[in-house]
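> The primary structure of each chain is shown beneath.
Number of protein chains: 2
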Amino acid sequence: MNQHHSQQIHREFQSLLGTRYTIDKTIREAHAKDASYHQGALPEAVVFPDSNKEVSEIVKICAKYNKPIIPYGTGTGVEGAVVSSEGALCMSLNRMNRILSVNPSDRDATVQAGVTRLELNTHLAKLGTQLHFPVDPGADASLGGMVATRASGTSAVYYGTMSDNVLGLTVITADGNIISTGGRSRKSAAGYDLTRLFIGSEGTLGIITEITVKLARLPEAVAAAVCAFPTVDAAVNTVLKLMDAGISLARIELLDALQMDAVNKYSRLNYDVAPTLFFEFHGSPNAVAESSEIAASIASVNCNGDFRWTTDDTERKQLWQARYDSYYAALNLRPGSVGYVTDVCVPISQLALCINTTRALLDTSQLMATMLGHVGDGNFHVVFPLEPNNREELAEAQNISNQIVDIALEMGGTCTGEHGIGIGKRCALEKEHGAAVNLMRAIKNALDPQNLMNPGKVFL
Amino acid sequence: MNQHHSQQIHREFQSLLGTRYTIDKTIREAHAKDASYHQGALPEAVVFPDSNKEVSEIVKICAKYNKPIIPYGTGTGVEGAVVSSEGALCMSLNRMNRILSVNPSDRDATVQAGVTRLELNTHLAKLGTQLHFPVDPGADASLGGMVATRASGTSAVYYGTMSDNVLGLTVITADGNIISTGGRSRKSAAGYDLTRLFIGSEGTLGIITEITVKLARLPEAVAAAVCAFPTVDAAVNTVLKLMDAGISLARIELLDALQMDAVNKYSRLNYDVAPTLFFEFHGSPNAVAESSEIAASIASVNCNGDFRWTTDDTERKQLWQARYDSYYAALNLRPGSVGYVTDVCVPISQLALCINTTRALLDTSQLMATMLGHVGDGNFHVVFPLEPNNREELAEAQNISNQIVDIALEMGGTCTGEHGIGIGKRCALEKEHGAAVNLMRAIKNALDPQNLMNPGKVFL
Chain A
25 MNQHHSQQIH REFQSLLGTR YTIDKTIREA HAKDASYHQG ALPEAVVFPD
75 SNKEVSEIVK ICAKYNKPII PYGTGTGVEG AVVSSEGALC MSLNRMNRIL
125 SVNPSDRDAT VQAGVTRLEL NTHLAKLGTQ LHFPVDPGAD ASLGGMVATR
175 ASGTSAVYYG TMSDNVLGLT VITADGNIIS TGGRSRKSAA GYDLTRLFIG
225 SEGTLGIITE ITVKLARLPE AVAAAVCAFP TVDAAVNTVL KLMDAGISLA
275 RIELLDALQM DAVNKYSRLN YDVAPTLFFE FHGSPNAVAE SSEIAASIAS
325 VNCNGDFRWT TDDTERKQLW QARYDSYYAA LNLRPGSVGY VTDVCVPISQ
375 LALCINTTRA LLDTSQLMAT MLGHVGDGNF HVVFPLEPNN REELAEAQNI
425 SNQIVDIALE MGGTCTGEHG IGIGKRCALE KEHGAAVNLM RAIKNALDPQ
475 NLMNPGKVFL
Chain B
25 MNQHHSQQIH REFQSLLGTR YTIDKTIREA HAKDASYHQG ALPEAVVFPD
75 SNKEVSEIVK ICAKYNKPII PYGTGTGVEG AVVSSEGALC MSLNRMNRIL
125 SVNPSDRDAT VQAGVTRLEL NTHLAKLGTQ LHFPVDPGAD ASLGGMVATR
175 ASGTSAVYYG TMSDNVLGLT VITADGNIIS TGGRSRKSAA GYDLTRLFIG
225 SEGTLGIITE ITVKLARLPE AVAAAVCAFP TVDAAVNTVL KLMDAGISLA
275 RIELLDALQM DAVNKYSRLN YDVAPTLFFE FHGSPNAVAE SSEIAASIAS
325 VNCNGDFRWT TDDTERKQLW QARYDSYYAA LNLRPGSVGY VTDVCVPISQ
375 LALCINTTRA LLDTSQLMAT MLGHVGDGNF HVVFPLEPNN REELAEAQNI
425 SNQIVDIALE MGGTCTGEHG IGIGKRCALE KEHGAAVNLM RAIKNALDPQ
475 NLMNPGKVFL
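Protein chains in written order, with this note's numbering: chain A, 25 to 484; chain B, 25 to 484.
Among the hints, erroneous ones may be present.
Claimed, not checked - Restricting the straight-line Cα-Cα distance to at most 30 Å, the calculated cross-link-like pairs of lysine-lysine (DSS-like) are:
| id | chain 1 | residue 1 | chain 2 | residue 2 |
| --- | --- | --- | --- | --- |
| 1 | A | Lys84 | B | Lys455 |
| 2 | B | Lys77 | A | Lys455 |
| 3 | B | Lys238 | B | Lys77 |
| 4 | B | Lys77 | B | Lys49 |
| 5 | A | Lys265 | B | Lys150 |
| 6 | B | Lys455 | A | Lys77 |
| 7 | B | Lys238 | A | Lys265 |
| 8 | B | Lys238 | B | Lys341 |
What the hints contain is simulated information worked out from the structure, not anything from laboratory work.
Based on the sequences and whatever the hints tell you, model everything.
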């Protein structure tokens, strides 16, 4: 882009957005990357639109001047989906944080993309709806970001992923059109499922600005428990038995011994430093009692002693907060480190073998690594706290991660259960989907012929 | 296409498929249309491939000679998605009827597209898996057809639609490539969701040849009940109360008085000729007892007398068979008639108003019309048994249907809950999704640039 264009675009953004267009270096630095080791260049500028109309105008200006746009939510991703590049415009959706409607009888709500899941849940509680938005990736991510990465997390085993909990979207397309996908009916067979095409598209097909989500009833009763095991294998086998028995689990999380140590230190807790399962049961008081009793009896065969129950709401929240903080707790084991996280998901019958093979791989390495997972879905993570800019460590983590992906794919699994492709999994996507990636590319080209929507992400 | 090409293509198909390529008129006639009033021209030929390789070869021949392909399952659709056109090739998937794998621990199965849902369920029972494929549109449709139309039916309120129950697909693309989408893991964030793009694409983006489906556990306990009401309104209000109370219903179906009369006559039953709800409860014995008791107490406020329980398995199957036969029962009220079916779905809070407004519309017409619906989803149908080739009747049915669609869209609903667009809802799709249809068209053009995959369907 020549100097002249650069000045023109500067003027156009200023006139459209005033101070909500900025080239301030600190702000650009704060929008250059996500929560992981992935490095980003500084964006040329950051914009903070607050309406569909403004997003549309920004997209049109970018199309005119051939300027790439990187949509930005809370920056809590870990695959580099929001890392910036030279000359790109970062579009923060964080001013688009209005809850547009809540329909208790239909159990749905429509929000702007910048609303975070906790903001929505706080609002639902204030309204006294007895409803909640159940998808829970741990981080207080924006719903736009959660849509963009097809997020899931601890509660997906019971409530499903973003794919299951979104009814419709408003999207600004690459030519600046404002379109609506889906709707408010619970099902529809009206044409191609654009909603689910945009879910997981990581900003590469258009800017997601509004989301209609399904809401779930708050469970009448909740019980949570923690249970330590002598080995990871014993814990995973317990999970398989529970799943096989059809026990209704709202969450079932595995943390290995080092991750428990990290959690204890970071959140000042005193759990056993041993492979541990965190459980949660939702439902009617009878159903919760029934499920949790059966679960306890199955778990007791392999575990170190008893279930540690946490029926108290505060204690339960503390427990899950510790689980949510796991990533930062792992990084905290090595102060100043940056995180590299793997994310495979396999059919549940393959989970024990996949985790054991991964454990064996980790044992051949000097890298510090914790393991944790949403094991009811067959999804688990290895967190490597890496020294920043240490190429050898990064190469080793990448090498191990590639091998874990190969193992998972061999088992019919996927290279990413919930973190997305970003820039970190582009090779893995090719490995996993082969010729199907050409269809994805064809769709990308059709919907974004100038390649301005988060270019370089998802595809090599 | 000139004579020379015509002979060449004939020779190529014969050499590839032998007698599984046919120009027999009776067979072509049997593949010209679906189960509705929609008229089709005779396809030029019908092919019966039995492998991905053969489908791929057929697609490549068609691409070479610019010949449209119409994939055909069981022909049980009602929106004309499989109606043929002059010069088109009909591709029946009914020889691709092998069950390729069943994984009980992962609760999934992979089948060829021609396998019907009852064939799969019979197979699962024979294997003693205690699993079933729960999506149930009534007709014993092929799973390929159910994927293509994003089918749902009576059990969607509990088990979800095809969108919720498919993990992955094998698809033959418009250039003859064999690709896989999705996989066997329960969740994935790996790139665009091609699986859900093909679900509901009605054969316009490629030929679906294999499907990996989720399986559900057979419920430990099942209870079914029938309950008659003085008015449709009383029945619908009962549904709203049940949904609002969060009662776990596996099915909840509404049939109006005329539809009940039709069912009685067609299936030789003796139900009250009154608006009626059919219920089914699935779960543990305790959960079923709990849910059905609460449901009975809520329903009893408005209903004509008591729940009529059918705990006996044979009686229960008879009850649901009567419900499944509803469409043919309605046509049977007027022997020789052809069916025109509406299919709107609205947010549940709007259902009573939408049904009442529809009822008022029907009352202004002389056309015979029955009403029935999957009311737990907000989805209902009007069936018009029409005199074949009677243009006035067809125009009147279309006019009423258009008005029902307008009402539903006004309420935030959709023009089709489960039957798809085919040729019957193309205008409605434009009304419902406006500019978003341009994105669908762009995707169609990108994946099928020659427009040979079921051309003329979904889009005007």
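> Hint by hint, where does the structure go against what was stated? Just the numbers, ascending.
none
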